[in-house]
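**Q** Residues per chain, in single letters:
2 protein chains.
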Amino acid sequence: MSETQIRFGILGCAEIARKVSRAITLAPNATLYAIGSRSLEKATKFASSNNFPETAKIYGSYDAVLDDPDVDAVYIPLPTSLHIKWAVAAAEKKKHILLEKPVALNVGEFDKILEVCEKNGVQLMDSTMWMHNPRTKKMKEFLSDSDKFGDLKSMNAVFTFAADPDFLENDIRVKPDLDALGALGDAGWYCIRAILWAADFQLPKYVTALPGTVFNKAGVIIACGASLHWEDGKVATFHCSFLANLTMTITACGTKGSLHLHDYVIPFEEKQASFSTATESGFTELVTGWVPLPSQHTVMTDVPQEACMVTEFSRLVKSIKNDGSVAEKMWPTLSRKTQFVLDAVKVSTEKGGEAVSLS
Amino acid sequence: MSETQIRFGILGCAEIARKVSRAITLAPNATLYAIGSRSLEKATKFASSNNFPETAKIYGSYDAVLDDPDVDAVYIPLPTSLHIKWAVAAAEKKKHILLEKPVALNVGEFDKILEVCEKNGVQLMDSTMWMHNPRTKKMKEFLSDSDKFGDLKSMNAVFTFAADPDFLENDIRVKPDLDALGALGDAGWYCIRAILWAADFQLPKYVTALPGTVFNKAGVIIACGASLHWEDGKVATFHCSFLANLTMTITACGTKGSLHLHDYVIPFEEKQASFSTATESGFTELVTGWVPLPSQHTVMTDVPQEACMVTEFSRLVKSIKNDGSVAEKMWPTLSRKTQFVLDAVKVSTEKGGEAVSLS
Numbered sequence: 120m121s122e123t124q125i126r127f128g129i130l131g132c133a134e135i136a137r138k139v140s141r142a143i144t145l146a147p148n149a150t151l152y153a154i155g156s157r158s159l160e161k162a163t164k165f166a167s168s169n170n171f172p173e174t175a176k177i178y179g180s181y182d183a184v185l186d187d188p189d190v191d192a193v194y195i196p197l198p199t200s201l202h203i204k205w206a207v208a209a210a211e212k213k214k215h216i217l218l219e220k221p222v223a224l225n226v227g228e229f230d231k232i233l234e235v236c237e238k239n240g241v242q243l244m245d246s247t248m249w250m251h252n253p254r255t256k257k258m259k260e261f262l263s264d265s266d267k268f269g270d271l272k273s274m275n276a277v278f279t280f281a282a283d284p285d286f287l288e289n290d291i292r293v294k295p296d297l298d299a300l301g302a303l304g305d306a307g308w309y310c311i312r313a314i315l316w317a318a319d320f321q322l323p324k325y326v327t328a329l330p331g332t333v334f335n336k337a338g339v340i341i342a343c344g345a346s347l348h349w350e351d352g353k354v355a356t357f358h359c360s361f362l363a364n365l366t367m368t369i370t371a372c373g374t375k376g377s378l379h380l381h382d383y384v385i386p387f388e389e390k391q392a393s394f395s396t397a398t399e400s401g402f403t404e405l406v407t408g409w410v411p412l413p414s415q416h417t418v419m420t421d422v423p424q425e426a427c428m429v430t431e432f433s434r435l436v437k438s439i440k441n442d443g444s445v446a447e448k449m450w451p452t453l454s455r456k457t458q459f460v461l462d463a464v465k466v467s468t469e470k471g472g473e474a475v476s477l478s
Numbered sequence: 120m121s122e123t124q125i126r127f128g129i130l131g132c133a134e135i136a137r138k139v140s141r142a143i144t145l146a147p148n149a150t151l152y153a154i155g156s157r158s159l160e161k162a163t164k165f166a167s168s169n170n171f172p173e174t175a176k177i178y179g180s181y182d183a184v185l186d187d188p189d190v191d192a193v194y195i196p197l198p199t200s201l202h203i204k205w206a207v208a209a210a211e212k213k214k215h216i217l218l219e220k221p222v223a224l225n226v227g228e229f230d231k232i233l234e235v236c237e238k239n240g241v242q243l244m245d246s247t248m249w250m251h252n253p254r255t256k257k258m259k260e261f262l263s264d265s266d267k268f269g270d271l272k273s274m275n276a277v278f279t280f281a282a283d284p285d286f287l288e289n290d291i292r293v294k295p296d297l298d299a300l301g302a303l304g305d306a307g308w309y310c311i312r313a314i315l316w317a318a319d320f321q322l323p324k325y326v327t328a329l330p331g332t333v334f335n336k337a338g339v340i341i342a343c344g345a346s347l348h349w350e351d352g353k354v355a356t357f358h359c360s361f362l363a364n365l366t367m368t369i370t371a372c373g374t375k376g377s378l379h380l381h382d383y384v385i386p387f388e389e390k391q392a393s394f395s396t397a398t399e400s401g402f403t404e405l406v407t408g409w410v411p412l413p414s415q416h417t418v419m420t421d422v423p424q425e426a427c428m429v430t431e432f433s434r435l436v437k438s439i440k441n442d443g444s445v446a447e448k449m450w451p452t453l454s455r456k457t458q459f460v461l462d463a464v465k466v467s468t469e470k471g472g473e474a475v476s477l478s
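Note that the protein sequences, when read in sequence, are chains A and B. The first sequence maps to residues 120 to 478 in my numbering. The second sequence maps to residues 120 to 478 in my numbering.
If you are wondering where the hints come from, they were derived from the structure by calculation, not from laboratory data. There's no promise every hint is true.
Since the list gives no way to pick out one identical chain from another, each pair is judged satisfied if it fits inside one copy or across any two copies.
What the hints assert, rightly or not - Lysine-lysine pairs mimicking DSSO-like chemistry, simulated, CA-CA at most 30 Å apart:
hint, residue 1, residue 2
1, Lys231, Lys257
2, Lys390, Lys267
3, Lys336, Lys375
4, Lys267, Lys470
5, Lys456, Lys213
6, Lys470, Lys161
7, Lys213, Lys440
8, Lys267, Lys336
9, Lys257, Lys456
10, Lys440, Lys336
11, Lys470, Lys176
12, Lys375, Lys294
13, Lys324, Lys336
14, Lys324, Lys470
15, Lys456, Lys267
Can you build the whole structure from these sequences, using the hints too?
**A** Right under this line is the structure:
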């Protein structure tokens, strides 16, 4: 069994690394192999409180993880500003990379990461977990069905959560030297990804930031929105914020159908996930009700979406390691498109809502 | 019983008048008394196929309805371009007015209608039926609860339906000389009303039309969107269209809670209506699920919302007629605010998305 398992090293003891550590444990083809932190004490504590095997390596630096020849892949949950340094360093050591989102501070930095990954034959995947939920595939089948959904015409995505005062003061996501993209890079990443996903990853022609962006004192975005516009007339809007109650909503309207869900980033429940669809909705004779009624669909997720992600990533890594396959380009391509649109929204925000072309 | 019933005359045989005729029949304090059409034949047919009492008056003109001294109130479902003429004529004959939306081609016209109504002591109410659904009151209680919802921060409203080729060619809502406001006046009216309703009818400081407005060959809007911005930083977006599957969605995010529903204009079912709320939503320890889960609320509506509307309108009319009360100003005030914002969105659309101030 052990030769088929991808050995993970984790860089840093971020809170999100706890969830991903569990996912690595749950994935049948992955194993927790090493943890590195600038503090050996923190690394030791992290390993012991997150079910690392007793044989796991505990390191007092990130470099030590990268220098370990038995580490196949690293998970990088470091602040965005550190991605370029550590993703490049990991790729140069031929470690495959599961990278937290946003993947970089801008697409230029990400391209440098990509270049080194390609040069070293390293698999890169961003840690957008919901992409790997089995529900996502089912929803995509619906969106791709020309009879049930038709062509996407408009979409709205929302991701907000109510950060507490400590978060708004101290979290890395409000710090210009750490996660400088703020709510746009964090919650907005998911909105943009969802919109691109629904649009078959066709890039919009241009984007415009909506008025009303909220910046903190340090100039980091803590709430914003944008509209995205495609050549074929498709439109999408999104809103992301640290200032409103947790909301994760997608409304997608096609020529023939509609899709709704309210927990697209993190399902309400771990073991099952639902969504609602409607096709060729009309009214009763006197317009006093709908015919047909929308349908509710529930998809079982015995393996949580983050473990599905680790499994898929590890499958690709194993295929490179054991079978001599080349790295799968789809995943970094999706990361790059998401970052590219995110950058454009940020520029539009800075230019007071001016349309920013993506062509 | 009969002296307490408000006697309705209906101007024209519009399809929507069938639904409102039934509502008048269902309302305990209203009765179908007269129908007028430019064609006596059409009026006769309409009366017989919509359960008018045998004693109902059938007229071959709208004027004849207004000249009937026993008509207390009129329902005006005529094309928007005719509202000013017939609402003014009705008010001058001291008929109370239930007026289809949009209430006028612009707020200037509506102000003329209002002036004549006030001069003649006539009650005016627009026919935005969902405002009278008992669910609406329950949702408002939630939105007004500072512990459960807090302050509204952002909102998205969608109303689209997939018009068939005949509609897109021939319906009054695509004709510049009839319902010249097109999808904005029809579906957009509801979006704007919902947003204002959630914002306690505080007017936004400015609105901006989103790019991507779709016009038909005659220059009538058949799809558009806008963002609305308040002094306190609240933001809202909406999208309305004749080009996508029937969708009626509200997503409202407050500092402490969220509200969702997908059938705000016309409930899925006539006898009950639901909505979903969440308060202080958070995550399980490893962020693998939500705590607490959102709550689903169902409100019974034994009397359909349009009959609730007729009942409320008739109650106000009776109070004027029998008790010497003055007309209730709240309803025309809400109509005016909705039309005012709608006008601003239209101007912004025409100016390529320039911000239009409402102050």
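**Q** For the identical chains here, do Lys456 and Lys213 meet the 30 Å Cα criterion within one copy, between copies, both, or neither?
**A** within (24 Å within a copy, 63 Å between copies)
**Q** Quick one: Lys390 to Lys267, C-alpha cut-off 30 Å, is that within a copy, between copies, both, or neither?
**A** This pair counts as both: shortest intra-copy Cα distance 27 Å, inter-copy 28 Å.
**Q** Within a copy, between copies, both or neither: where do Lys336 and Lys375 come within 30 Å Cα-Cα?
**A** between (46 Å within a copy, 23 Å between copies)
**Q** At most 30 Å between CA atoms: does that hold for Lys470 and Lys176 within a copy, between copies, both, or neither?
**A** For Lys470 and Lys176, the Cα distance exceeds 30 Å both inside one copy (48 Å) and across copies (63 Å).
**Q** My question is about Lys456 and Lys267: at a cut-off of 30 Å on alpha-carbon distance, are they close within one copy, between copies, both, or neither?
**A** within (27 Å within a copy, 38 Å between copies)
**Q** For the identical chains here, do Lys267 and Lys470 meet the 30 Å Cα criterion within one copy, between copies, both, or neither?
**A** Classified as neither: same-chain Cα gap 40 Å, cross-chain 36 Å, threshold 30 Å.
**Q** I want to check one pair: Lys324 and Lys470. Are their C-alpha atoms no more than 30 Å apart within a copy, between two copies, both, or neither?
**A** both (17 Å within a copy, 20 Å between copies)
**Q** How would you label the pair Lys231, Lys257 (within, between, both, or neither) given a Cα cut-off of 30 Å?
**A** For Lys231 and Lys257, neither the intra-copy (34 Å) nor the inter-copy (54 Å) Cα distance is at most 30 Å.
**Q** How do Lys440 and Lys336 come out at 30 Å by Cα distance, when the copy is not named: within, between, both, or neither?
**A** So Lys440 and Lys336 fail the 30 Å test inside a copy (47 Å) and across (59 Å) alike.
**Q** Is it within a copy, between copies, both, or neither that the alpha carbon of Lys470 lies no farther than 30 Å from that of Lys161?
**A** This pair counts as neither: shortest intra-copy Cα distance 42 Å, inter-copy 58 Å.
**Q** Is it within a copy, between copies, both, or neither that the alpha carbon of Lys267 lies no farther than 30 Å from that of Lys336?
**A** Answer is between: at 29 Å across copies they meet the 30 Å cutoff, but 47 Å inside does not.
**Q** For Lys324 and Lys336, with the copy left unspecified, which applies at a CA distance of at most 30 Å: within, between, both, or neither?
**A** between (32 Å within a copy, 24 Å between copies)
Of the numbered hints stated above, those contradicted by the structure are hints 1, 4, 6, 10 and 11, listed in ascending order.
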